[in-house]
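2 protein chains.
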Amino acid sequence: MSNADDPRMRGFRRRAEVADVLKLLEERVKPLPPRRTPPRESAGRTLVEAVAAPCDVPGFDRSAMDGYAVRGEDTFGATELAPASLRVVGTSMPGESCTSRVDRGQCVRIMTGAPMPEGADAVLMAEDARTDGESVQATAAVAPGKNVSTRGEDIRAGEMLFEAGRRLRPHDVGVLVAAGVDYVFADRRPSVNVFATGNELLPPGLRPRPPKIVDSNSPMLAALVERDGGVVIHNERTADQPELIRDMLQRAEADVLLISGGSSVGEEDHVPAVVRELGELPIHGVAMRPSSPAGVGFIGGRPVFLLPGNPVSCLCAYDFFAGPTIRFLAGRSRDWPYRRVDLPLARKITSEAGRVDYARVRVVDGRVEPLMVSGAGILSSTTRADGFVIVPRDAEGIPEGATVTVYLYA
Amino acid sequence: MSNADDPRMRGFRRRAEVADVLKLLEERVKPLPPRRTPPRESAGRTLVEAVAAPCDVPGFDRSAMDGYAVRGEDTFGATELAPASLRVVGTSMPGESCTSRVDRGQCVRIMTGAPMPEGADAVLMAEDARTDGESVQATAAVAPGKNVSTRGEDIRAGEMLFEAGRRLRPHDVGVLVAAGVDYVFADRRPSVNVFATGNELLPPGLRPRPPKIVDSNSPMLAALVERDGGVVIHNERTADQPELIRDMLQRAEADVLLISGGSSVGEEDHVPAVVRELGELPIHGVAMRPSSPAGVGFIGGRPVFLLPGNPVSCLCAYDFFAGPTIRFLAGRSRDWPYRRVDLPLARKITSEAGRVDYARVRVVDGRVEPLMVSGAGILSSTTRADGFVIVPRDAEGIPEGATVTVYLYA
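Chains as they are written, first to last, in the numbering used here: chain A, 1 to 410; chain B, 411 to 820.
To be clear, the hints were calculated from the coordinates, so they are not data collected in a lab. Just so it is clear, CB atoms sit at the ideal spot from N, CA and C, and this is done for glycine as well. Every clue listed holds true.
The following label-pair restraints were derived from C-beta to C-beta distances:
{"id": "1", "chain 1": "B", "residue 1": "779", "chain 2": "A", "residue 2": "341", "range": "34 to 40 Å"}
{"id": "2", "chain 1": "B", "residue 1": "619", "chain 2": "A", "residue 2": "332", "range": "37 to 43 Å"}
{"id": "3", "chain 1": "B", "residue 1": "779", "chain 2": "A", "residue 2": "104", "range": "39 to 45 Å"}
{"id": "4", "chain 1": "A", "residue 1": "14", "chain 2": "B", "residue 2": "570", "range": "42 to 48 Å"}
{"id": "5", "chain 1": "A", "residue 1": "241", "chain 2": "B", "residue 2": "574", "range": "40 to 46 Å"}
Take these sequences, add in the hints, and give me the full structure.
Structural data, given as structure tokens:
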């Protein structure tokens with residue numbers, strides 16, 4: 001890295017436009033290669049290739065009822081008052097081959113799912129039979145084929161089960177498993193590494209001990225990733241030391257890397273330099289507020305999001321850049337995952353032209369009230385807020401009474 | 411258990427009404443006691459008790475910017491052309507106590523998040539300073555208080571963070587973690603045991619080997635439980651032997667027990683008797699089709715759902731009875747989780763009065779076509795279907811042209 005590229009302690013010379021960052025991400029981030037997925041893990045995933053059935057389901061003729069396997073014709077005319085008597089010559093149980101054979105005037109006790117004995121062509125329901133020692137009295141007639149589930153009647157071997165593009169439902173998973181499908185090619189949830197840097201960070205779960213603070217970004221990011229269809233596979237914190245950050249990033253195995261803290265232009269902001277060294281950092285500094293010290297890089301082709309350590313900036317940079325990318329990789333829409341409402345502004349929002357603003361607001365009596373907040377560190381401003389309004393790049397704020405789109409957090 | 415209660419091989423003498431089963435479940439299944447949940451695991455959960463902050467956030471005055479901690483008045487009047495010169499007397503780093511003190515004409519290099527040194531009351535941004543050996547030239551004035559995040563400005567110790575009833579957002583989790591909250595009392599995802607019985611069952615992932623079939627109900631149920639907000643904590647299969655079933659149910663630790671197979675009136679249907687022995691079985695046999703051999707019991711106060719082994723019956727019994735219960739325990743609406751549309755029926759649906767029917771249908775050109783299916787074993791009928799129509803108890807089918815509500819699977 002040349003010194004000329006190092007903006008530390010000098011400030012950003014030029015900030016990228018939000019729209020250009022999004023465009024870069026859309027151009028550079030490609031869909032993940034589909035993964036061989038066992039059917040059991042495929043619910044909710046979308047098939048990338050069609051799937052055919054390797055086996056018949058059922059694989060053999062079997063009873064669809066508990067009762068007696070009979071020759072249907074032996075029961076013709078049977079009623080409650082004039083039952084047909086059938087001799088029980090055996091039993092057919094689920095999971096066991098049946099060695100008995102049904103001849104005229106005979107039957108075999110049979111359980112649901114048990115193989116049909118040779119000679120039988122129907123099953124008399126238990127409800128329609130009275131037991132009588134070694135015989136049963138059929139009190140109703142049963143037509144040949146009745147209550148028998150024939151080989152392949154549900155699924156035939158070789159049959160196309162699902163076309164590519166099918167989003168698999170819970171019972172689709174059942175069909176795949178029943179037919180003995182080993183795996184499908186489905187899209188997959190992108191894996192995400194959530195990293196945090198900072199000498200001041202204590203692990204989540206501890207009390208803050210000044211001048212140390214608790215790493216609240218990692219659990220927030222983990223919840224955001226989960227919401228957006230990603231899977232956090234590793235979460236790690238490290239001190240502000242280039243060699244530790246380098247080691248952490250080199251060990252990263254996920255599809256997407258998030259790293260909060262150390263992204264700005266301070267003496268201890270080593271992350272940008274390390275990302276440049278391991279890959280590239282086309283974006284460092286964005287014309288937005290908060291989160292102007294955000295960055296986007298690539299290491300080994302995988303996107304790396306440099307998120308400012310300030311919690312609101314971290315949330316904002318995630319939501320603008322990392323969120324759409326993770327949703328895209330998860331096969332979802334890149335669009336904001338928030339419900340939106342259009343409402344009038346109760347008080348003007350001030351902003352500077354040339355940057356995009358993420359203004360937290362409350363909705364009170366159908367009007368939008370901007371929250372007065374002093375800085376990107378005030379995470380509780382997002383929890384007091386009902387949502388946010390985006391002030392576009394070219395606007396110098398938004399006047400009172402104008403209709404704005406509120407993205408609702410809840 | 412008395413023999414008089416045992417319906418095996420005699421059929422159900424009386425079937426419960428669907429509405430009565432739902433009523434029983436609403437009366438008997440109580441909300442789960444809230445659980446102490448670490449904030450990190452609480453995203454998406456609903457608070458049962460309000461939470462107050464144990465600590466100030468930040469816990470100390472700190473810099474909100476990378477730059478130089480100064481006495482604001484020392485910079486008054488400074489411009490690009492007439493900078494104010496300040497001597498650098500130390501550095502304040504995040505996570506470390508600062509021992510330097512800022513007197514008139516002095517400053518301390520400071521990083522975002524580092525503690526403010528004594529004597530300083532503002533932070534000059536790095537962008538507004540030119541370094542010059544041991545001094546910096548402030549090229550802009552900075553007002554006292556500027557770029558300083560004061561102790562407790564985000565959150566004050568003792569402050570109410572969230573009221574009971576708040577569904578926690580990702581950034582709420584950040585606030586809880588930042589304030590050092592150890593745990594919250596939140597509702598929780600009900601845990602579910604998914605059991606299957608049957609001598610004929612092979613584990614999911616294998617190919618069917620007649621007369622053995624693959625247990626497709628367990629993975630389908632796992633996906634349904636996940637959809638409904640539950641967590642499968644244990645999945646087990648056992649043969650049709652009362653002592654093995656008893657052992658499996660006695661070891662069950664979940665909030666809800668699902669057991670597929672062995673629920674009917676066949677010789678090998680041991681589940682109802684075992685459930686009666688370990689607890690109670692107020693429902694066995696329901697006036698519906700499919701899944702009339704479904705049952706609902708209670709063991710140690712926890713609901714046990716006896717789901718027929720036939721896959722469509724299993725799906726249907728889950729969706730009618732287990733699904734609403736799991737959703738209720740997860741703090742969701744008991745209502746069907748399917749989108750619904752009202753459309754005219756292209757062909758009549760036949761049914762018998764006195765039972766509720768779950769009719770799988772396709773939607774073709776805005777009209778509802780019932781699927782012709784022979785039995786509850788045809789799981790592929792649910793994957794060919796776009797959804798289902800419920801034929802009410804008192805109807806003898808629904809005539810062609812009538813408007814019906816379709817519950818859409820997708």
